[in-house]
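S.K.: Reassemble the complex: the two chains are provided individually, in unrelated frames, and hints are given to aid placement.
These protein sequence lines map, in sequence, to chains A and B. Residues in the first sequence are numbered from 1 upward in steps of one, following my numbering. Residues in the second sequence are numbered from 1 upward in steps of one, following my numbering.
Hints in this document: simulated from the structure, not taken from any laboratory. One or more of the hints may lead you astray.
Here are the simulated lysine-lysine pairs, PhoX-like style, with alpha carbons at most 20 Å apart [as the list claims (entries may be wrong)]: (1) A/K408 <-> A/K419; (2) A/K408 <-> A/K496; (3) A/K444 <-> A/K408; (4) B/K325 <-> A/K255; (5) A/K477 <-> A/K348; (6) B/K161 <-> B/K147; (7) A/K255 <-> A/K348; (8) A/K444 <-> B/K59; (9) B/K161 <-> A/K444.
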Amino acid sequence: MKRIEAVNDFVVKFANVNGSGSASANELFAKSFLRMGIPVSPRNIFPSNIQGLPTWYEVRVTEAGWLGRRGGVDLMVAMNPQTWDKDVREIDPGGYLFYDNTKPLPQSKFREDIHVVGMPLTEISNATYTDARERQLFKNIIYVGALAALLGIEPGVIAELIGEQYKGKEKLLKPNLNAFQMGYHYAEETLKDAIGLKAQRAYEVGDRIFIDGNAAAGLGMVYGGATVCAWYPITPSSSVAEAFQRYCARLRVDKESGQNRFAIVQAEDELASIGMVVGAGWNGARAFTATSGPGVSLMTEFIGLAYFAEIPVTIIDVQRGGPSTGMPTRTQQSDVIACAYASHGDTKHVLLFPEDPRECFEHAAAALDLADRLQTPVFVMTDLDIGMNQRLARPFTWDDARRYDRGKVMTEAELEAGKEFGRYLDVDGDGIPFRTYPGTHPTKGGFFTRGTTKDRYARYSEEGPVYVDNVQRLLRKFETAKSLVPQPVLRACGRKTRFGVIYYGSTSPAMDEAYGALEAAGIAVDTLRICAFPFNDAVSDFIAEHEQVFVVEQNRDAQLRTLLMNELNVDPAKLMPVLHYDGTPITARFITAEISERVRVLNVEPLKKGKAA
Amino acid sequence: MTFIAKPRLHHPTLKQNRIGYTRRDYEGKVSTLCAGCGHDSISAALIQAFWELDIEPHKVAKLSGIGCSSKTPDYFLGNSHGFNTVHGRMPSVLTGANLANRDLIYIGVSGDGDSASIGLGQFAHVMRRGVDMAYILENNGVYGLTKGQFSATADAGSRSKRGVENTDSAVDTVGLALLMGASYVARGFSGDKEQLVPLLKAAIAHPGAAFVDVISPCVAFNNHSGSTKSYDYVREHNEAVSRLDFWPSRDAITVSYEEGAVIEVPQHDGSILKLRKLDGAYDPTDKIAALNAIARAAADGEVLTGLLYVDPSADDLHAHLSTVKVPFNRLGEQELCPGSAMLDRINASLR
Ligand SMILES: Cc1ncc(C[n+]2csc(CCOP(=O)(O)OP(=O)(O)O)c2C)c(N)n1
Ligand code: SF4
Ligand SMILES: [Mg+2]
Chain A
1 MKRIEAVNDF VVKFANVNGS GSASANELFA KSFLRMGIPV SPRNIFPSNI
51 QGLPTWYEVR VTEAGWLGRR GGVDLMVAMN PQTWDKDVRE IDPGGYLFYD
101 NTKPLPQSKF REDIHVVGMP LTEISNATYT DARERQLFKN IIYVGALAAL
151 LGIEPGVIAE LIGEQYKGKE KLLKPNLNAF QMGYHYAEET LKDAIGLKAQ
201 RAYEVGDRIF IDGNAAAGLG MVYGGATVCA WYPITPSSSV AEAFQRYCAR
251 LRVDKESGQN RFAIVQAEDE LASIGMVVGA GWNGARAFTA TSGPGVSLMT
301 EFIGLAYFAE IPVTIIDVQR GGPSTGMPTR TQQSDVIACA YASHGDTKHV
351 LLFPEDPREC FEHAAAALDL ADRLQTPVFV MTDLDIGMNQ RLARPFTWDD
401 ARRYDRGKVM TEAELEAGKE FGRYLDVDGD GIPFRTYPGT HPTKGGFFTR
451 GTTKDRYARY SEEGPVYVDN VQRLLRKFET AKSLVPQPVL RACGRKTRFG
501 VIYYGSTSPA MDEAYGALEA AGIAVDTLRI CAFPFNDAVS DFIAEHEQVF
551 VVEQNRDAQL RTLLMNELNV DPAKLMPVLH YDGTPITARF ITAEISERVR
601 VLNVEPLKKG KAA
Chain B
1 MTFIAKPRLH HPTLKQNRIG YTRRDYEGKV STLCAGCGHD SISAALIQAF
51 WELDIEPHKV AKLSGIGCSS KTPDYFLGNS HGFNTVHGRM PSVLTGANLA
101 NRDLIYIGVS GDGDSASIGL GQFAHVMRRG VDMAYILENN GVYGLTKGQF
151 SATADAGSRS KRGVENTDSA VDTVGLALLM GASYVARGFS GDKEQLVPLL
201 KAAIAHPGAA FVDVISPCVA FNNHSGSTKS YDYVREHNEA VSRLDFWPSR
251 DAITVSYEEG AVIEVPQHDG SILKLRKLDG AYDPTDKIAA LNAIARAAAD
301 GEVLTGLLYV DPSADDLHAH LSTVKVPFNR LGEQELCPGS AMLDRINASL
351 R
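If we strip away everything but chain B, and leave its shape as in the complex, we get (with noise of 0.2 Å):
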């Protein structure tokens, strides 16, 4: 089947953002996913969370791995270049992209099958290498693309849709980045937009791997009730460490808030992460403090969502191979080849 454009008639009453976009430039095609599907409120977020960073579309790159998730980058910002890889090595590609024009904006979007399963290990390094990059894992606990097996990520003792226990223990995603480096952790709910939004902008304004979980409920294939990836139960058990608003550092931070502790978190570009906290103790710039809540939350059958880790002072994989600031793939013969001179010498010394 082949995709019809969306037409894009421009209304003149839309609102424009800063740069002049209205929010339906940062559309894509249509969506071919399931009605409901979480997966389609994540990408709507996703265009908004664009929309309001006043991102010009083109200057994003998304890519993804394999499964119903890892379609999605089609549906959003449709002028962006898009690249739909292999089944869970989205990180591997995102890393050499990155490396080759260091001046756009990386978005991956993988599932848990993607990124639990066949490419934990990816995941786990993609981490580690400190990509700068925003890692949307959209989280459902089965696979969708390949109707509904199991994933990585499902709860022990939760039950498939024909009423199969799965017996094997859950990998923590978020527990994971945050152990290999991640410098920016957090997770949402597709069913919760007004979290999910700032989530999503201040991950994409994160210099560094930033990575967002979002419990995605699959309609077709975990949904019921014995899931705990549903909508019902996510709901009933989320609770939430902190409510987040970004600036971007243009912003005046003139927003009133709603009473309760607020800290500000000054990221390495200028701009600011605010937390209002909705748990009085929760610091999200301490570590060991997020890893222990995950830990805790988990063993009383919660699921945390909010801003879990940041740390303000996070660097890059460019940092740290040192490479130069002009986007390699700008670069010509005269920045890359040495020349013959230089090559005659190379020789005199081989002799």
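Same shape as in the complex, but just chain A (with noise of 0.2 Å):
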């Protein structure tokens, strides 16, 4: 029977029973890998619920450094009867079963073309601990330590990360080395050498971290200067609130006093946690919200107010598989048109699209400066497999000389100056007026902010000429933003090609290792990141400049593909759509494939002009 064999180049997933203490231990099983020196890509699968139901966990475990989901499965360590024959199904051939083996299965329970190892897990648990709790747990620390002996994982590196994992909690530290020890050696004296998969030290994490978007852009928040986060819990943006608390505990209090520089509201819905952004950024303290498509949903009546009052307002949208409901635990770039053209009427929102938690820490802090300085929303369109995964990631860097960008905001001292305050006064171009905070100057700067139509000066006028006027100002403001935000990323083959593909936010590492792919398979293609809307020049060009694009996204309707065509006026034809949208996210192998079998098409029948492809 075929057996597979790898060093650091292997995709191992577990099937767990949500809430029984195995999201620790395998995150401990992931993290050994990095203190080797190995990169790995974990992904959480988990249900809506807290307790009782399947969850995975599937690592990637890749020196090569491809933090994508790779697809496929060399070894399931299946702890959930629930799944076994689903679980036991997705391994590829000569791949490996672990299982629990305390209880007999008979024979059809397995599969002829995988290796199957067993150990009593619950046995050697049970001989050693009495406690119900104690069992389960120790249980998931055991299987870690089996793990260990049969990948050629270093104990020590367990044991280290144990150890600060426990540091100062004696009590807890020692038990879970022991049962680390217990599984590792058990595995290492009875399961020699049964399976083809090793891990072996290498050098290529080098200095970067491992967080999940959601925290990173709670931090980012932290050091962008939002004072207040106003949120209402949903999946799978609730943790970024939760680590803007959590990081505003530690680096936001004032020492002398003990108070906050920072105020978090959990609302009582979505209508009102934007409603609270808007009041904060009007009265010009920096403030953002988190949420998912139901909670934009909700909150669009007041992102048009705050487009069209004017209003700072910084959106992190972690998107989730919808419409409705939806898949509230999966993955998709689903919310970019409903982001894109929030609210009624005649609207656009500057969008930013993080690809990693690096930028998601960025793109947070960005966004508060573009908010500012735009008197915009600005959404952060980030999503599940970004924010609710630990990913390898560069660094955060800041830089001390760095200032906030609180816009054009007239101060007293200018106001008493004489200087000419209209709110809605076009005064150098670029579209973008000055506003006063309230109370400012007792006599000067003062006005009226609503959401009906208004002449520079704020005041009320449904005057079409003084609407109109208005209303092309901030399409003026727009196209001033294109400048501002963060550009597109190209990456030139080297070579002539008539083939470009765009592509933003989670596909990113899913691409990298594509693209390398379709390299070695003699298919040439240029590709441009797209990190924001307005979309600048630098993408109208790449599209210009090839004959064909591909638009990989990971939603069903081509979002991103209706906002070129629509914001660019590019040709249809010229923009294939390469979507992804089952939940999970996009991975290598499809895009190569999907790509690579469009392009054989175009190639024997060359594209004429004008037409269709």
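M.R.: Structure below.
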């Protein structure tokens, strides 16, 4: 029988029961590779429920550093009887099944073409522990120990991680170490060489950090100067506000008074959370909310108000599978259109597309600056895949010379000196007017903010020309935004090619890997990673320079493609959608296969000018 | 249409308050509401209240929802910043604004449609949070701006101008505010300025969530017989529980008052509420008694006005969240950004 043999390049999947304490054991497993200098990319696959339902944790071990999901499973750690059949089916031929053989299972429960490694986990655990909870928790650590022995993970590395986790909690440290040792020795003695997958010390992790995008975004909000956070719990965004809370408790408490330089309000719903952000932004504080699709739907009336009344607002949208409640614990990039044009009437909003936790941090802080500069809502469009999975990323950096860009705010001194103030007056052609914070001056600079039409001096007016003047200025402002948002990232293959690929956000790691695979297959493509909306000229140029552009996205309706067509007037035939939207993160295998096949077809029937492919 | 600013010629004989402002300085644009609308009387009472309180107009932020009532912040305190938000959501915007700058005075203006229908949730939650504000509900029992539909505060059995009877029971705004945790609850009548001005003054000075429901007849759609929010109906059925006088702390309390029981309620900030009780048994610091009185009056078809409840030891959301004394909108990188050295430490902990 075939036996998959691999060093530092395989996928291990854990099938567990939600709430069984497996999460921390699995994380321990993943981190042990990092400490051996081998990159990993783990992903949680979990249900919308707290206890009892199946949950999976997929760890891609990849010395080459591919952080996207690979697809396929080399080793299944099957700890959930409920999903047994499905889990066993998923293993690649020649792969491995590790399971608890305390209770014997009929032969029919296995497969002929895989290698089965059984270990009496329950028996070992029950023999050592009496408390039911302990038995469950330590069983998890025992399998981590066994896997370490089977895969060649250095036991010292795991001992070190356990030591860090239970620093100062001696009572927990020892039994965890013991459980780990127990599993390790058992496997070492009785399961020698049962698995052909091996970990070997490497030097590929470097100074990278391991963090989830939501925590990174919360930290970015602290660094970016957000003081007000209003939110309403929703998967997969809740951990943004929770991280902000955690970091603020550490970094934003005034040492002398013990008082907080932040306010976090868990609102009654998303209408209230965005309302609070609008109020705080209007009054000169940096404020944000974090939400997901259903929350954005509720917020749209306020988003229109903030657009029209020109109030800085920062929204982190951690996208999940839609529509409606959709797939709340699965990933998608399906709020692109909903956010770009959120609210009734003619509206357009600035979107940022971070590709990983490092950019979640950067874009969070950048969004606060952009919102103040442009006096408008700014969305950070992350998703569940980036937000809720720990990912290797370049370390965070911050330039201490950096100053917050508070935008055009007229001061008391300027007003006093007689500088002309018109709240909606375009003084320098960029479409951005000056504002004043409430309470600035006793007689100058006061104005009435409203969602109704107004003239340049904020006076109510329903005159047609006054309305047109105002909304045209908003368009000029959106033009200005093009030069302020993060610029797209070009990867030129260095050869002449008629094919281009556009992608964004969490598709990045899969695309990076697919790029290499396509190249190896002799398919040359240039790629452009879009980092923001509105699109600037580099995007139009890229499309113009290629005969056929693949737009890779994680939604059904090719939403970014629609946005490109709509905003850049591109011939739809030029933009060929490559879509992955089943709720699992897109893979390099998928992208490579899709693009290869289309290129093959296009090469057989060369494009006639102006004809749709 | 655009509004023409009123001429601001200060007559030398106009009386100035302690900080040198005349009543004119507290006025706003010319109202566009119907002549005789109760809401305009409330604006006038607010102008009087702010003038009497010697508050610098620009230190006030005015927020409102949508409706005839919510338009009124444009008609008083013209030099203050105002924000006409979206229908029913003023409370959240006010909450955020208050968090951004704790040094301003916040006044929220709303209507009964705005607060009791579309905005009932936000109305309830802003009281729970104890946001420091004076929340004025200009209650006419109808949707004025959309031309006369019943609102959720219309009493069951009352009739619309077209003769339709309302069969839904009414939302009791003062009872609800009290239950939700408002620490100052009062009800006034737009037609009784003498009672209303002190109620507003005390609400503005109250260091927590203050709610004033003001019955404010809509002359266009709800001032006919059959309405329970008409001028005539309210005058006939008004029962005042207490007359209120309000002294900011610096004033010596040397005012003579009429016969009758008087209680003084010292507030957190040292100011004093003085109550001249019309109803001998009424104690506005007793929440349960207040709820009882409101329920009884409603059962008797009476409109209870006056100061219904005050918690003299009230505090606010900033106290609950233990925020710094400096307004957030004045904090900069120095106070907010932990810097690169700290970030290096955080990076190290993530390896
Ligand atoms: C989301 C939304 N729905 C409906 C409206 C229409 N609308 C405007 S004002 C109003 C009712 C206002 O009634 P109330 O708050 O009692 O104010 P009044 O005019 O009586 O003072 C309605 C329904 C709106 N502006 N927004
Ligand atoms: S319609 Fe009613 S509430 Fe509106 S302005 Fe006229 S009288 Fe006032
Ligand atoms: Mg009304």
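S.K.: Give a verdict on every hint.
M.R.: Here is what the structure says about each hint:
At most 20 Å may separate the alpha-carbon atoms for a hinted pair to count; A/K408 and A/K419 meet this at roughly 13 Å. A threshold of 20 Å between alpha carbons decides the hint, and for A/K408 with A/K496 the separation of about 45 Å lies outside it, so the pair is violated. Restraint check for A/K444 and A/K408: the C-alpha separation of about 16 Å stays at or below 20 Å, so the hint holds. Taking the CA atoms of B/K325 and A/K255, the gap is near 13 Å; set against the 20 Å cutoff, the hint holds.
Taking the CA atoms of A/K477 and A/K348, the gap is about 11 Å. The hint holds against a cut of 20 Å. For a cut-off of 20 Å, the pair hint linking B/K161 to B/K147 stands: about 11 Å separates their Cα positions. For the hint pairing A/K255 with A/K348, the CA-to-CA distance comes to about 42 Å; that exceeds 20 Å, so the pair is violated. With a CA separation close to 13 Å, the supplied pair A/K444 and B/K59 stays within the 20 Å bound.
A C-alpha spacing of about 44 Å is found between B/K161 and A/K444, which places the hinted pair above 20 Å, so the restraint is violated.
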